[in-house]
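Engineer: Spelled out from the first residue to the last, the chains are:
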Amino acid sequence: MAELTYRDAVARGIAQEMERDADVVFLGEDVARAGGVFKATVGLLEQFGPLRVRDTPISEQAILGAAMGAAMTGLKPIAEIMFSDFFAVCFDYFANEFSKSRYMTAGQVKCPLVVRTANGGGTRFGAQHSQSVENWVMMIPGLKVVAPSTPLDVVGLMAASVRDPDPVVFLEHKSLYAVKGEVPDGEIVDTLGSARIVRAGKDATILALAMMVPRALEAAEKLKAEHGYDCEVIDVRSLVPLDTQTILGSVSRTHRVFTVEENPRLCGWGAELISIVSEEAFYSLDAPPLRITTPHIPLPSAANLEDLAIPSVERIAEVVGRSLAA
Amino acid sequence: MAKTATTREKPTTPSDGIGTELRLRMYRMLVEIREAEQRAYDLFLQNLVKGTSHLSLGQEAVAVGCAAAMEPGDLTFCTYRGHAHTLARGVPVEKVLGELMGRDNGLLRGKGGSMHLTSVEHGVMGSYAIVGAHLPIACGAAWRAQLKGATDISVCFFGDGTTNIGAFHEALNLAAIWSLPVVFVCENNLYMEYTPISEVTAVEDPAAGRASAYGLDRILIDGQDADVVYRTAKAAYDKARAGGGPSLIECKTYRYSGHSRADPAKYRPAGELDEWRQQRDPVRIYRKRALESGIGEDALAAVDRDARRKIDEATETCKAAPLPSADLLMTDVYADGGSAWRN
Numbered sequence: 022m023a024e025l026t027y028r029d030a031v032a033r034g035i036a037q038e039m040e041r042d043a044d045v046v047f048l049g050e051d052v053a054r055a056g057g058v059f060k061a062t063v064g065l066l067e068q069f070g071p072l073r074v075r076d077t078p079i080s081e082q083a084i085l086g087a088a089m090g091a092a093m094t095g096l097k098p099i100a101e102i103m104f105s106d107f108f109a110v111c112f113d114y115f116a117n118e119f120s121k122s123r124y125m126t127a128g129q130v131k132c133p134l135v136v137r138t139a140n141g142g143g144t145r146f147g148a149q150h151s152q153s154v155e156n157w158v159m160m161i162p163g164l165k166v167v168a169p170s171t172p173l174d175v176v177g178l179m180a181a182s183v184r185d186p187d188p189v190v191f192l193e194h195k196s197l198y199a200v201k202g203e204v205p206d207g208e209i210v211d212t213l214g215s216a217r218i219v220r221a222g223k224d225a226t227i228l229a230l231a232m233m234v235p236r237a238l239e240a241a242e243k244l245k246a247e248h249g250y251d252c253e254v255i256d257v258r259s260l261v262p263l264d265t266q267t268i269l270g271s272v273s274r275t276h277r278v279f280t281v282e283e284n285p286r287l288c289g290w291g292a293e294l295i296s297i298v299s300e301e302a303f304y305s306l307d308a309p310p311l312r313i314t315t316p317h318i319p320l321p322s323a324a325n326l327e328d329l330a331i332p333s334v335e336r337i338a339e340v341v342g343r344s345l346a347a
Numbered sequence: 013m014a015k016t017a018t019t020r021e022k023p024t025t026p027s028d029g030i031g032t033e034l035r036l037r038m039y040r041m042l043v044e045i046r047e048a049e050q051r052a053y054d055l056f057l058q059n060l061v062k063g064t065s066h067l068s069l070g071q072e073a074v075a076v077g078c079a080a081a082m083e084p085g086d087l088t089f090c091t092y093r094g095h096a097h098t099l100a101r102g103v104p105v106e107k108v109l110g111e112l113m114g115r116d117n118g119l120l121r122g123k124g125g126s127m128h129l130t131s132v133e134h135g136v137m138g139s140y141a142i143v144g145a146h147l148p149i150a151c152g153a154a155w156r157a158q159l160k161g162a163t164d165i166s167v168c169f170f171g172d173g174t175t176n177i178g179a180f181h182e183a184l185n186l187a188a189i190w191s192l193p194v195v196f197v198c199e200n201n202l203y204m205e206y207t208p209i210s211e212v213t214a215v216e217d218p219a220a221g222r223a224s225a226y227g228l229d230r231i232l233i234d235g236q237d238a239d240v241v242y243r244t245a246k247a248a249y250d251k252a253r254a255g256g257g258p259s260l261i262e263c264k265t266y267r268y269s270g271h272s273r274a275d276p277a278k279y280r281p282a283g284e285l286d287e288w289r290q291q292r293d294p295v296r297i298y299r300k301r302a303l304e305s306g307i308g309e310d311a312l313a314a315v316d317r318d319a320r321r322k323i324d325e326a327t328e329t330c331k332a333a334p335l336p337s338a339d340l341l342m343t344d345v346y347a348d349g350g351s352a353w354r355n
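Going down the list, the sequences are from chains V and R. With the working numbering, the residue at position 140 of the first sequence is 161, and numbering never jumps. With the working numbering, the residue at position 114 of the second sequence is 126, and numbering never jumps.
Hints are not guaranteed to be accurate.
To be verified - Which stretches of chain R does chain V cover? Using the computed rule of at least three CB atoms under 8 Å from a CB of chain V, they are:
| id | region |
| --- | --- |
| 1 | 72-86 |
| 2 | 120-133 |
| 3 | 150-156 |
| 4 | 184-191 |
| 5 | 346-355 |
Source of the hints: derived by calculation from the structure; they are not laboratory data. None of the values given here were measured: they were computed from a predicted structure. Backbone N, C-alpha and C define an ideal beta-carbon position, used for all residues, glycine too.
Turn these sequences into a full structure, and let the hints guide you.
Structural biologist: Have a look at this one:
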């Protein structure tokens with residue numbers, strides 16, 4: 022058992038899979054010699070050589086196109102898009118290419134690839150380097166979408182993503198890179214499509230993702246300490262496939278549901294989850310489901326403004342507490 | 013016709029080393045593609061093909077010359093104007109027409125349509141309807157060959173309009189810096205959809221004029237002459253296979269129909285189409301070449317007859333084929349064969 026940072030867990034997860042399977046390759050901007058701008062891929066070039074770990078030009082379309090061409094002819098590429106905001110310059114590949122090729126070709130073309138990226142805010146980088154874009158990719162049929170919140174999940178979900186036969190978008194949270202956590206030695210392989218109850222409770226279900234998970238946990242402790250409320254916190258982990266059974270099971274016990282989303286409000290993933298709960302567990306609910314989100318705004322750069330925008334421990338506790346007190 | 017005067021390739025002579033067998037094979041491919049494309053158009057008029065369709069009538073020699081020079085296992089990446097490239101790799105014509113007609117016997121069982129013809133078993137790795145998207149994809153396939161020490165090459169076809177989109181430049185640069193075994197073939201049919209390519213492009217030759225930016229040779233050829241295309245393609249393939257990196261070939265050609273089904277092509281100057289049809293028709297040029305090289309009129313007439321019969325039979329097969337069953341709607345979104353995104 023070692024204590025690893027979330028950042029080191031990325032390299033550990035990729036290395037585990039590259040060691041296991043010679044068809045796993047890795048490409049992106051500054052990922053090889055520089056070890057990544059977030060230093061999340063340090064050592065991979067040295068371990069696996071320049072043919073399997075390749076620096077690319079600033080060409081996001083070429084990165085994803087090349088990953089797709091390699092995937093459909095037998096490799097299992099991991100492509101890095103440095104910031105998830107840059108998905109917008111290569112969105113064709115998400116929206117039209119590797120997501121649809123299997124369906125359009127009646128199963129002939131297969132694209133087992135992973136796109137990993139630094140997603141999310143909290144780093145004062147401003148509106149073009151801080152977005153949470155999970156809803157951009159979640160809406161596209163054919164993609165799978167995961168977002169780990171701990172170093173252990175980074176390793177296990179990376180392995181599951183690389184081994185998955187479908188294209189997977191792997192959203193790392195840039196504000197979690199420095200977070201430390203216990204990661205057992207040896208091979209770790211997790212499962213896509215499994216949410217995890219990270220805090221059991223009976224009074225409310227709080228659904229969270231990535232950086233919102235530690236905040237939701239802290240809010241739950243605050244609510245316990247200050248009001249005696251006992252909230253269940255679920256790390257959704259995987260938006261597609263979505264583990265609705267864990268979510269619906271929790272709501273049937275707690276009778277209240279809240280989502281904590283870093284994405285801007287409109288069409289955020291929480292809306293889909295609330296829709297499912299409303300359609301399928303309506304009579305379990307004791308109160309309206311509530312979404313706690315970033316407002317429908319671009320993210321500002323100034324620290325105080327960014328902190329106001331993204332759901333905070335205080336805001337989560339306030340919204341949940343107010344609902345429970347009503 | 014001024015544009016074709018820029019062709020740099022010398023005229024082909026009958027004694028150029030392309031033997032009777034290959035010449036007859038290329039003639040057959042030209043005629044079959046011509047007949048199939050004409051049939052696709054006719055079936056549209058009969059409302060048996062719906063949606064849209066982008067025909068290669070007039071451009072057949074590019075697909076034929078390039079495909080004839082490929083080895084089994086080489087990979088084709090084409091655009092929404094991809095019927096010809098798909099047929100040229102040996103995909104049965106009834107599978108192509110069946111797909112256009114939305115039948116269960118189609119290549120993609122009706123799930124792709126005219127713009128997405130794909131036959132992995134024939135090396136046709138897809139037809140892409142987002143301009144430029146497949147150039148980087150072809151790079152990726154070539155990267156795999158390079159990494160695995162495989163000898164196959166990737167051949168990527170696209171139109172003149174593609175040279176003005178970002179993915180073209182990203183792909184050319186990546187292919188060049190990684191020295192990938194990929195050959196890019198630009199079919200310059202003079203029009204970017206409804207607009208003359210010369211009006212919207214900074215250089216006279218949209219692909220060849222950009223080659224030097226990526227350290228590549230300027231290659232501009234007559235795309236109406238299947239022999240010229242074949243020899244140029246073969247040289248580029250040999251270079252790629254030998255580790256010499258990518259090539260960019262610009263073929264001057266002309267499409268007889270509009271951009272798509274919806275386009276009557278009224279933007280063309282009067283007489284231009286007739287001039288190309290009469291003087292630069294790839295089938296006519298090649299028929300003459302075949303006769304000059306000693307292939308008899310009888311043999312060519314037999315090819316013409318066989319091609320027509322083959323297309324007729326394929327048409328009847330497709331008309332009789334069932335529609336795709338409703339359960340196909342929800343299949344093959346994910347690798348488990350289905351479309352489930354939740355438990």
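Engineer: State for each hint whether it applies.
Structural biologist: Now for the hints, and whether the structure bears them out:
no.: 1; hint: 72-86; in the structure: violated (count 0)
no.: 2; hint: 120-133; in the structure: holds (count 8)
no.: 3; hint: 150-156; in the structure: holds (count 7)
no.: 4; hint: 184-191; in the structure: holds (count 4)
no.: 5; hint: 346-355; in the structure: holds (count 8)
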